[in-house]
Each structure stands twice: as C-alpha cells, then as structure tokens.
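K.L.:
Chain by chain, the residues:
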Amino acid sequence: MAELDLGTPILEAPVAEGASDQHMVLNMGPQHPSTHGVLRLVLEIDGEIVVRLYPEIGYLHTGIEKTCEAKFYQQVVPMTDRVDYLGPMANNLCYCLAVEKLLDLEIPDKAQWVRVLLTELTRINSHLIWLGTHAMDIGALTVFLYTFREREEILKIFEMVAGQRMMTSYFRIGGLSMEPPMGMMERIREFIKTFPEKIDEYSNLLTGNPIFVNRLKNVGHLSKEDAIALAVTGPVARASGIDFDLRRDMPYSSYEKFQFDVPVSDGCDVWARYVVRLEEMRQSVRIINQALDGMPEGHFKADAPKIVLPDREVMKTQMEALIHHFKIVTEGFAVPAGEVYQQIESGHGSMGYYVVSDGTAKPYRVHMRYPGFASLQALETMCKGRLLADVVAVIGSIDIVLGEIDR
Amino acid sequence: MSDVKATLLGKAAVLEVMPEHIAVKALGDLITDAKFDRGEVTLTVAKENLVAALKAVKAAGYNAFQDMTAVDWFPSVPRFQLSYHVQSHSLKELLRVRVVVDEANAAIETITHIWEGANYYEREVFDLFGIRFEGHPNLRRIMMPDEWVGHPLRKDYPVEGYR
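Chains as they are written, first to last, in the numbering used here: chain A, 1 to 407; chain B, 1 to 163.
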C-alpha cells in the first residue's frame, strides 16, 4: 500500500511562538474526572490565566465508522447506541431516518409518534446528566443525586420499552423493534406529571445560589459569529443567539405536528447555556404531553416484508414470512445506490448521518456528525484569557460525551 | 422547490428544472455535475474551484458549515470523493458540495479560512483517509496515534492489521 509522507507535524508542542519563560504547560486529563471521560487538555498558562488550550482526543476511538462498513444495514443500529451513549434513542432515530430515506420507506404515524415521545425522554435524560455533572464540577454536589433520581425513572421506562436501560436499539429500520408495552403510556404520564416540579427543584437549588451564579455568569463567552464559524450547534449555539432548531426549522419524524418553543438567549456565556437547557427540558415535557394525548392508532412498523422482520407469530405460522425472516437475517436487504445526509436535533446539538450506499446489503460508508466534535473546537475561544478554574465550568457547559467525539 | 420524490441526474437536468435554486445560481459555471436525489441537492465542482465555490454559496446564504467527510471509491479512478455539507439558517436548507480527488495527488486546499470549524473535520479526513489539506493551520492526526502507519478508513486498509 502506498504510504503518504505525513511530513513534519506543524505543531510539535502546544507552546506558542515566542512564548514567555513564565508560561507553564499543564496537562489536564485524560483521567481527570471533570473532563467527563477521556478528554485530554494541554493548557499553556500564565499564572492563572489560560494562554492556549489544546484538546487532545482519540483515546476512545473505536473505528465505529469502519465497523459499520462490514455489517448489514440492520446490524448497524446497535452500533449507533454506543456512539453517544447518553442519548441512545436519538442515535437510533438519526440512523434509521437516513436509511429509510435511502429506501424511500413510509413509516406509520404511530411509530413516528412513539419515536418523538422516546427521543424527547432521551433529551431529558441527556440534559439531566449534563445538569448533575455540571453542577458537581462547580461544587454543588447535591444536584447530582437529585437528577440521577429522575434519570433512574427514565432508564426504568427504557427498560420496560426495549428491555435495555442504556443501549436500547429500540428504533429499527422501518419502525420500532416491537409493539410498545402495555402500561408504557401511563408510566410516562406519571413521570411527566411530576417532572416540572423536579425542574423547579433543581432551579431552586442552583439559580439563586450565589456561588453557582458567580461561577457561571460572564464565563466562557462565545459570540454568535464565532459560534457559526466554529460549526457549533444545539443549546450552545442557541445560548449565543442563533435561533435555529432542526425540530422546528427542518422537521423530521412528524415534529411539525407538535407545538413547542425554542429557547434562545443572547447571554453567550455559561449561564445562558444553563438557562437554555433548563427551558429545553420544560419544552420536552410539553412535546411528550402532546405525544401522549394525541398518540395515533395503527401499526408500529412499515408494511415492507422484505425489509422489516415479520411478527414472531406470523413467522411461525406462515411460510412466506419465514422465508422473508430467513433472508433478512442471513443476507440483509439491498438498499438502492445513493447518498443521503439526515440531520436531527439531539440533546447536544445537530447530529447528522451521512450514509452512502452502493446498492448492496452493507453500507458503503457511514459517517457520523456529532455536535460535541464541533463544540470542542470552540473550547479554546471560550477559555482564552480567562482563569484556569473557568475551564472546568466551560467544559461542563458544552456537555461533551467523548463517545460521540472519538467514535 | 420541485417535487421531492423526483430524481434529477446531471447538470443539464438540474439546471432545467431548478434554475432558480439559490445555490445553483450562485455557483453558475463552476458546476461540473449536479444531482437532485431524495430531496437533497448535490453540486459537484472541480477541485481547484472548491474554495471559490464555497465562498460563493456562503455569500448566497448557506452560512453554516455542517460537516465534511470523504468516501473512498477504491479501485475506481479518481479515487476519493469529498462531501461538504453546508446549512442555511435562513433558507432552512442543506447543500452538498462534492469534489473528487485523485489518489496520485491526494491533496486539496483547506477551507479553514472560510469556516474555522472545518479544522477538526479536515484533520479527521487527513488522519483516516490520508488526504492532505494545503494551508491547514495544524494538519496532524486526530484520532489515531501520531506514529500510526496507514489510513484506516481507506478501503484497501487491512482490517486484520499488517502481517
């Protein structure tokens, strides 16, 4: 194999040209708990002031994109769970929508609404972990216990629905993996009835807390122009005044049928991101309530016997269904050649799956665009010239999951 | 916008049906090939015109860089395809600008001076596909260790490792 000359690295060490002797290079991570995983930051500091910041990533790189090329289309679904491991349903949704777009598959209303319902629960789940760990980084340890109490309930709902707490793989190409269980709606309704009070509870613990407020306000400034230039999306972008939400502006999976507000703030700082995410949780509650009230009747998967696995009972009793089942499991299904890019609004920002098909049963290329990867680039802009202690607050505010950055 | 279900292949077909499309108008003669498939517009430009093309679509309203990646079409020639996805916040649309790159001269001009956010994406493509980006501020491996040999996402990369 022909090897390209990699050349000399342009940046050997993260010390700037003409750096003063008084500058110190500080290594943060990859084990530091407040870096949320295996993120390594190389910081050049002048006393307490950050002069340069250089994120070193790749410690969690597992080559998922390469692995996808060796799997059938339906076998990629469980791989996607493991990318952003705190928002499994959102990953499943984005991948399934991309392949369904390639296949030109019509998804029944009920499946679409259940998808919206569970994706919004996933968003709450993801935001709860952000809130707990972010507050813990700042030193408010109590909130972590409160948010994990609610997260536990969401995980129990996931377990009830999919049989798995975290790696759900519940959304499949063509719909859902199985009929939503009896009692699911009641359980979600019960949870969602008390959840707004819980958000108030978090807010009571944090919003009026002078230490928390002082650590967050006017820290980690990211202007609107910088946010667009650095490809930052999601709550971080909306806290910098970018009024754009894919759920509202480029709706998918019948989001156009739901009424909700998109919280936007001009604060541009860590505090604004806190306020935006807290409001997003309230809006998710609104969407979930609408989904519960208006849940349409119907089938939970598309009528496409050559793509969607048949029901167990049908498969055991009908010859044709058995053949289809056997064919799908052993040979997969061919997907027409083409390329699609599907975007959804995940808890962290705009997630995108670029799927290229060459007409066979395995994807030719799957590329995953995750919001954390882009947001990490903005870290230096947000921390430069500020105190070292603020770096921890800023990392918490962009809500990174290293699984989605390294893939 | 024309019917989403329709598929238009080739520059002539796209120009005929959607001559008013903002990106098509903005690029004009730079387009060498075009496609409208599954509701997505793909415009192909020549490698040397990429920077000019992206500047033109940025000026036309596609303000936000979204994603950039490569596809390895080994063993066909030219081997690599680079797909740039840019989003318009005002038009609420996504555009794909496509460039093909030869293996013999696997290099292309960087777009980090247009969108700073392309930095990590170009590093990733450099790392995993071995395509160089001329003028990139810090072209180093990002996922793999610095001393790694080979580019894992290439189709001829041995998945069991070198023997």
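Simulated from the structure, these hints should not be mistaken for laboratory data. All C-beta atoms in this analysis are idealised placements derived from N, C-alpha and C, irrespective of residue type, glycine included. Any given hint might turn out to be false.
[Unchecked claim] Below, a sample of chain A positions facing chain B; criterion: calculated Cβ distance under 8 Å: (1) 252; (2) 338; (3) 369.
[Stated by the list, open to error] Distance condition first, Cα-Cα at most 20 Å in a straight line; then the derived EDC-like pairs of lysine to aspartate or glutamate: (4) A:101 - B:109; (5) A:110 - A:179; (6) A:362 - A:104; (7) A:384 - A:104; (8) A:384 - B:116; (9) B:58 - B:109; (10) B:155 - A:44; (11) B:55 - B:134; (12) B:92 - A:256; (13) A:66 - B:160.
K.L.:
Tell me if the straight-line CA distance from residue 362 of chain A to residue 104 of chain A falls inside 20 Å.
P.N.:
holds (17 Å)
K.L.:
Holds or violated: residue 384 of chain A with residue 104 of chain A, Cα cutoff 20 Å?
P.N.:
Roughly 47 Å between the alpha carbons, so the hint for residue 384 of chain A and residue 104 of chain A is violated.
K.L.:
Does residue 338 of chain A pass the interface hint, meaning its C-beta sits closer than 8 Å to a C-beta of chain B?
P.N.:
At about 6 Å, which falls below the 8 Å cut-off, the nearest Cβ of chain B leaves the hint on residue 338 of chain A intact, so it holds.
K.L.:
Against the 20 Å threshold, does the CA-CA distance of residue 92 of chain B and residue 256 of chain A hold or violate the hint?
P.N.:
Holds, at about 14 Å.
K.L.:
Going straight from one Cα to the other, do residue 155 of chain B and residue 44 of chain A come out at no more than 20 Å?
P.N.:
Answer violated: residue 155 of chain B to residue 44 of chain A is near 39 Å, above 20 Å.
K.L.:
Next pair to validate is residue 58 of chain B with residue 109 of chain B; report whether the Cα-Cα distance is within 20 Å.
P.N.:
Holds, at roughly 17 Å.
K.L.:
Does residue 179 of chain A sit within 20 Å of residue 110 of chain A, going by the straight-line distance between their CA atoms?
P.N.:
With a Cα-Cα distance of about 10 Å, the restraint between residue 110 of chain A and residue 179 of chain A holds, given a limit of 20 Å.
K.L.:
For a C-alpha distance cap of 20 Å, please report whether residue 66 of chain A and residue 160 of chain B respect it.
P.N.:
holds (12 Å)
K.L.:
Between residue 384 of chain A and residue 116 of chain B, is the straight-line Cα distance small enough, at 20 Å or below?
P.N.:
holds (16 Å)
K.L.:
Does the interface hint hold: is residue 369 of chain A within less than 8 Å of chain B, judged Cβ to Cβ?
P.N.:
Holds, because the Cβ-Cβ distance from residue 369 of chain A to chain B comes to roughly 4 Å (cut-off 8 Å).
K.L.:
Is the Cα-Cα distance between residue 55 of chain B and residue 134 of chain B 20 Å or less?
P.N.:
holds (17 Å)
K.L.:
Interface hint check: residue 252 of chain A, Cβ to nearest Cβ on chain B, cutoff 8 Å. Holds or violated?
P.N.:
violated (11 Å)
Hints 1, 4, 7 and 10 from the list above are not met by this structure, while the remaining hints are.
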